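Using the sequences provided together with the hints, build the complete structure.
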Amino acid sequence: MFSRILRHEWRLLSGDATLWLVTAVCAAAIGYGVWNGARWVRFQQQAIADASAEQAKRYDALQTQITALRQPGASVSPFADPRNPSSLGGRLGPKYATLPPAPLAALAIGQSDLLPYYFKVSTDARENIVSTTEIENPNRLLAGRFDLAFVIIFFLPLLILALTYNMVSAEQEQGTLALVLSQPVGTGTLVRGKVAVRATVLVGVLVVLAGAALLITGVNLTAAGAVPRLLMWIVAVTAYAAFWFGLAVCVSSLGQSSTANATILATTWLALVVVAPSLFNLIATSFYPVPSRVEMVQAVREASDEANKEGSKLLARYYEDHPELATGDAAQAMTDFNVVRVAVNDDVENRVRPVVQRYERQIAAQQQTLDRLRFFSPAILMQSALNDVAGSGVDRHRHFISQLDAFHAQWRAHFVPLIFAKARVTSLDTLPSFTFVEESTAVLWGRVGTGVMALLLPSLALAWFGFRRLRRYPVAG
Amino acid sequence: MLTAVDLTKRYNDVVALNALRLTIAPGEVFCLLGANGAGKTTTINLFLNFIEPTSGSATINGIDVTKAPLETKKYVAYIPETVMLYRNLTGLENLEYFAALAGRPDYTASQLLEFFARVGLPDGAAERRVGTYSKGMRQKVGIAIALAKGAKALLLDEPTSGLDPKASNEFSDLLRQLSADGVAVLMATHDLFRAKQSGTRVGIMKHGRLVAVHGTDEFTHADLERVYLEHMHD
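Heads up: the protein sequence lines correspond to chains S and Y, in order. Under numbering that gives the first Met the number 0, read the first sequence as residues 0 to 476, first letter to last. Under numbering that gives the first Met the number 0, read the second sequence as residues 0 to 233, first letter to last.
Read the hints as simulated data drawn from the structure, not as lab findings. Everything numeric in this text was worked out from a predicted model, so none of it was measured. Each residue gets a CB set at the ideal place from its N, CA and C atoms; glycine is no exception. Check the hints yourself; a few may be wrong.
Stated by the list, open to error - So, partial list: chain S residues that the calculated Cβ filter (under 10 Å) puts toward chain Y:
no., residue
1, Ile4
2, Arg10
3, Leu11
4, Leu178
Claimed, not checked - Chain Y stretches covered by chain S per the calculated footprint, using a threshold of three residues with CB under 8 Å from any CB of chain S:
no., stretch
5, 66-75
6, 86-100
Claimed, not checked - Okay, the calculated beta carbon distance ranges per label pair:
no., chain 1, residue 1, chain 2, residue 2, range
7, S, Ile233, Y, Asp12, 31 to 37 Å
8, S, Tyr287, Y, Asn11, 50 to 56 Å
9, Y, Ser56, S, Ala270, 28 to 34 Å
10, S, Asp370, Y, Asn11, 47 to 53 Å
Laid out in structure tokens, this is it:
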């Protein structure tokens, strides 16, 4: 019986121009979205490759210079001397810490166009390297670019609602419902058949077209982690589709006219997909306003000026804090520019820290608020999940920044003792390098899984309510 | 086969059907007569469990329709006043689908075409889209669907309205055949002539009450009309 309903629904649906129109629109949007995503990923990869080439070229030149300086009589200004650890660790030899795009980054641009994905790491104060202030973006949770995530979050619900808003009411209005329900078939079975056909067609079309678009745009599906991410993507998209189908079943069961259903569903879409993200963002930024970026830049500059002015006093204090680095020759050290610079950098960091911390606290509070509020909008849940799958969200970036911080500390730990010991660098091979360590798949499943559950629970509740009500669908009178 | 016990349907203060007591045995053709709004369609909708009774019960084949609606619908076929079908499908595709829903998925195409021949659907129409059908043709498809179901009871809501006299007459013949095969028929109609011709009993309804029941052999067509009109005058 159920399979007969499926066949019948497919016959009606495939005979209807709506389905083919929807499929064509879907194909065009998916193709354009994936192409856009892939283009952005290629741009990022190119930038990273350029950075790495620049670094390699610079290091070759430095090594050549070090070799040349071994010749007797060769000389160079201490600022341009690669053997000088202060110059090498600061201006001459900084290395890049880069966040490579995840295997399926083309699926969602997410916030990867807002969050910096490479930094030049030197012995400078952290605040001169890592600028976390760029995160201030009013549209952070609205889809920014036309990528596949945008197609899924905005369009997929509309396509689902276009195919389902009148699935029961149209049969009621054209009069076939009475004849169908005079047969030994329940309203629930009928609607399950209708939903099954529509869901299979839509999700199938989406997955197949997106897969094809990924392959055509040259995304490597055999890359490490690509397959689990693709699975997560399918699971997340299915859960998101389930929510909208659940909603359609629920609204259909109310027994209203097709027009009323369309109005209710369109309003709900507007509220959940368009209004809620803006509103939640407004709430987060109103409750936890971020201090102005100008204020922060100003604080960094003032701190630098102050610290430079107090350079010599600072050094004395620095030696107090780090007695193991004091060589005893204080007079020599006082005049040692390099050493002063280390102390100044340290002082800048200490002075700026409260401002930066206030900044980071507010941003963390905003993020936390949004993390909680996202459970009230399937669109935000979906955006987070898709960003996670594509590796273009806040969490992977945070993971990157913590590795960057560790690398910055490692870099400084390598150079500072050399500076204090007034040693000369003879080889560049022993310098630390940065390699991004990807988040584990388990952690990723954990985050995506939470989002999927948060989508599935309301879907099931809506469907349960809908199917219960459908049993008493007003066929007549 | 079809039984109503004190079957009552109230909409707020309006009594659409008031304590209907009715039993229709296999082979009987019971014609419900009455003005529009007398409760004929309400009775049929209650038997189909399309609406819930306020009190009382309707049973088909001894089973309460509110308790096991899917079970009771296996035994009963329904032809509404206006049979509406899937316009984009052919008559044959419609018949095949409804027969499958009715629990008869295994008819061959030629068997299905035979049902169309029995109800007098014009040759070649079965393969055309239902969107091109006249009301009378759709009505015949509805009858074919009921025949294909092989139901033990028929619920007919003015099934011949819109049929030309010849088709109407053929329909009466079909009803007589079905009756002879032991099918119980409940037919709401305005057509006193058909009621007399194909019915075994007639019931006259007024303001939700079944006010009179007569055997059709009790009187001539003219008598039936007189009795009916007497009831209609208050």
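Results of checking the hints against the structure:
no.: 1; hint: Ile4; verdict: 8 Å, holds
no.: 2; hint: Arg10; verdict: 7 Å, holds
no.: 3; hint: Leu11; verdict: 6 Å, holds
no.: 4; hint: Leu178; verdict: 7 Å, holds
no.: 5; hint: 66-75; verdict: holds (count 6)
no.: 6; hint: 86-100; verdict: holds (count 8)
no.: 7; hint: S:Ile233 with Y:Asp12: 31 to 37 Å; verdict: 56 Å, violated
no.: 8; hint: S:Tyr287 with Y:Asn11: 50 to 56 Å; verdict: 54 Å, holds
no.: 9; hint: Y:Ser56 with S:Ala270: 28 to 34 Å; verdict: 45 Å, violated
no.: 10; hint: S:Asp370 with Y:Asn11: 47 to 53 Å; verdict: 50 Å, holds
Going down the numbered hints, you'll see the structure goes against 7 and 9, while the others check out.
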